[in-house]
Amino acid sequence: MAGRTTRGESLWLRYMVLGSWALVCLVPMLWFLSIGLRPRTEIITPQPVYWPTFSLDAWHALWSDWPIGAYLRNSVLAVAGSVVIDLILAIPAAYSLTRYEYRGREDIGFYILSTRMMAPAIVAIPIFFLFRNLGLLDSVWALMLVYAAINLSVVTWILRSYMMDIPKELEDAARTDGASDLRILWEIIIPVTLPGIITAAVIAAIFAINEFLFTLLIASTANAYTMSVALANFTGGSDGIIYNAIALVSFLAFLPIFILVVLIQKNLSRGLTMGAVKG
Amino acid sequence: MRALFPYLLVAPAVTYLLSITLYPGIYAIYQSFFLVRFNEWIPVGTDNYVELFADTEFWGALLNTLIIGGIALAVECLLALVLAYFAYRDPFIRGWRIVFLMPMLFMPSAVAFLWKLAFNDGRVISDLLMRLGLISQNIDFLGSVPLARLTLIVADVWQWTPFLFIIFVAALQGQDQEIEEAARLDGARWPQIFWNISLPMMRPVIAVAVILRGIDITTMFTNVYIMTNGTPGGTTETISYFIYRQGFRTFNFGYASAAAVIMLIITVVSAQLIVKRAFRSGRA
Amino acid sequence: MASIHLDNVVKRYGAFVGVKEMNLQIADEEFLVLLGPSGCGKTTTMRMIAGLEEPSEGDIRIASEVVNGLDARDRDVAMVFQGYALYPNMSIYENIRFPLRMRGVPKNQQDALIRRAADMVELGDFLDRKPAALSGGQRQRAALARAVVRQPQVFLMDEPLSNLDAKLRASMRVQIKHLQRKLRITTVYVTHDQIEAMTLADRIVVMSRGEIQQVGTPDEIYSDPANTFVAGFIGSPPMNLIEGQVHSGRFIAPGIDIAAPGHMHGNVTLGFRPEDCGIAPDGQAGLTGTVYGIEPTGDSTFLTILAGDKQVEVKAPRDFRAPLDSCASIALDPARLYFFDSATGQRMRSTQ
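Residue numbers (our numbering), protein chains in the order written: chain L, 1 to 279; chain P, 1 to 284; chain X, 1 to 352.
Since the hints were made in silico from the structure, they are not lab data. Where a beta carbon is used, it is the ideal one built from N, C-alpha and C, also for glycine. Check each hint, because a few of them may be wrong.
Incomplete in silico selection of chain X near chain L, CB under 8 Å [stated by the list, open to error]:
id, residue
1, 13
2, 50
3, 72
4, 77
5, 79
6, 87
7, 89
8, 99
9, 103
10, 106
11, 107
12, 215
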């Protein structure tokens with residue numbers, strides 16, 4: 001980090017800009033948190049209430065009125081399962097794309113990348129019919145399969161980027177030492193790319209937790225509702241949208257994601273760009 | 001056998017992806033030539049497409065997507081660049097980064113509800129603007145086309161500016177310090193260095209980041225679904241939402257598939273034209 | 001213990017020929033150095049011996065068995081790499097153990113072998129460390145230990161010292177040579193550093209553009225170069241090469257007029273080493289020019305003379321000094337002059 005000099009630019013302006021944006025980030029979050037910790041009567045009012053009374057109504061309601069445990073379980077199962085599927089498929093794929101020269105390699109790599117561009121809406125209807133015919137609607141298994149599919153391109157490309165960083169020499173050394181290709185993958189490549197694997201897994205998990213459209217179509221009961229889509233169902237008939245429950249669940253999902261991201265902070269930009277930026 | 005080995009390694013992933021892109025793609029193309037009524041498929045030739053091309057709602061959805069997405073993307077890019085410019089040499093960059101990326105870590109559906117409450121149901125934004133004396137009476141953000149679009153843009157900008165910010169900061173920190181130092185010795189000031197040296201060197205990174213953001217923004221669905229439902233008068237309906245509404249609200253699956261096919265074509269063409277190049281140069 | 005034979009080995013990459021028609025016999029227990037500039041095909045040759053690349057044509061035999069098509073892991077060779085190629089996820093102990101594990105050496109024998117190999121390179125105290133916690137020289141020794149631990153038939157070393165600083169390089173050189181002599185394992189060593197080649201090799205193979213230029217002992221390569229390439233590549237600084245004409249027994253070029261062997265005529269390149277000439281008293285000069293630069297190195301002074309537009313290096317006594325652009329006269333040792341055909345670069349030997 002060179003050049004912390006203040007010459008040529010005023011510190012005042014810098015901290016003014018950065019500080020303002022920090023407020024833009026934090027204030028809505030804190031306000032939303034306050035929504036989660038106030039009674040329903042103070043949410044939708046003729047005049048907004050800025051200093052609410054503290055209340056854990058929403059917290060109690062979550063556990064008594066809603067199957068929040070089931071939503072959590074569905075999210076965790078579907079997300080974790082999808083990440084495992086992704087890694088099982090992406091590790092050999094990325095290895096193939098980085099360590100071998102063969103015809104069509106570039107095109108295969110690009111095809112995998114291009115699936116990242118596919119809008120969920122394009123394939124939503126066929127996927128819906130597919131799972132209906134398979135009898136998998138409203139099941140965590142369907143979500144798992146879909147999440148894995150959405151993230152497979154991202155995971156493969158992140159891993160590809162990390163594997164490309166491994167010197168070819170390392171593999172040559174292992175080969176002359178007598179290791180087979182699969183041994184090299186298992187004993188050298190996977191351990192050495194572990195930071196990349198973790199990064200890819202975290203990024204995929206976040207995208208999976210966030211997924212909305214497919215989940216909306218596939219899930220219809222607490223059998224498969226995840227946190228993301230359950231939010232849209234916190235309505236109490238005549239009561240309208242139950243915002244304090246929504247806010248609490250939002251923060252409930254935020255916390256683990258936040259922890260995961262802090263863990264991979266160094267690799268975050270690389271993960272977000274599918275390996276194109278080495279941060 | 002040895003020559004086949006790399007193909008074998010990549011085959012499972014490719015097969016899996018084909019099953020969620022090629023199969024649904026073909027299915028959508030096939031279905032787009034039918035009128036689907038519950039379990040009855042009536043072949044209608046190209047009727048769906050003819051109707052679609054005459055459908056002002058469809059063209060409207062495309063236009064809305066471009067307007068909302070384009071403005072949001074431009075604002076995000078500009079904000080992220082300015083913030084990155086000020087932040088990347090700051091001694092507290094780690095702190096800034098953590099704070100700035102927080103909005104990105106909420107579920108998009110949560111962010112949509114946050115802004116739905118702030119703009120519409122809770123009237124907080126309107127109230128704050130009144131207290132500041134900027135407006136004299138309550139605004140109905142869903143009552144006007146630009147304001148309704150604005151709410152979607154604000155929600156997207158708030159959540160996703162950090163995405164670009166993080167990437168830009170990484171790119172700026174990763175660049176060769178010697179080049180900046182040489183420019184300083186040559187008498188350039190920071191804004192000049194940024195504009196003339198850092199920014200051009202970042203171009204491949206900016207391209208990749210903007211493309212990734214652009215993909216997500218042009219497929220925007222969640223915010224529309226939760227915040228506006230397309231109101232007023234369909235002016236905030238994006239193409240993704242249009243397909244969803246045709247398919248799952250009016251159960252006009254053949255028609256929705258025709259729209260999906262058009263979107264697929266746009267996707268494939270832009271993938272070939274833009275993404276391939278950007279990702280090549282981005283890792284040069 | 002094995003000899004290595006390369007019979008008409010060719011390596012092509014598409015239209016580009018990396019190694020041309022190479023024939024080479026490496027004797028059992030020999031220390032052979034492949035020397036040449038980058039891109040001369042020396043590393044490719046070594047990688048073909050290792051089995052990391054397949055020759056496009058020709059046969060490679062190790063211990064008289066043809067190994068073409070045999071994967072690297074099935075050849076009994078060990079390789080040391082320029083970047084050390086230690087497995088960063090494993091401790092030094094695990095690194096050295098890796099080849100034993102891969103080749104199924106029984107578990108109860110492994111530990112003794114590992115410790116013996118580590119002691120050989122004085123790394124016994126570092127076995128628990130990860131490669132990242134070692135210095136460059138220690139990493140290089142760990143890579144050596146990993147290579148020696150399973151007593152392979154052949155050692156291959158690909159510029160193993162080029163990432164080390166000069167002082168370490170010198171001490172590692174001695175260690176490598178000592179190990180090779182003690183273990184008596186046939187060794188092929190690739191380098192672009194002619195000092196390494198001279199000090200280590202039993203025989204040196206000088207390569208350029210995929211072709212062998214000369215094969216010989218270090219002494220032969222140095223004192224009897226086959227062509228201008230070898231002459232200009234070996235020595236530090238290398239041999240001076242001056243293009244000129246021979247007319248009626250005199251070699252003439254700007255600043256030079258000396259006797260040449262009688263049978264030569266036409267375009268000839270004269271070669272002489274900086275250490276085979278000296279500052280001459282006036283009137284006895286073989287070469288005259290002006291002083292271009294002076295580089296004292298401590299034990300001697302290297303003088304660069306401009307003769308015509310040609311720079312000539314001369315080794316002068318340590319206390320020699322002269323102003324820039326002053327005239328300099330150089331005496332050449334007539335017994336240590338080399339003549340090459342300017343057109344082909346080949347050595348022209350005097351017919352006695």
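Of the numbered hints stated previously, which ones are contradicted by the structure, given in increasing order?
1, 10, 11, 12
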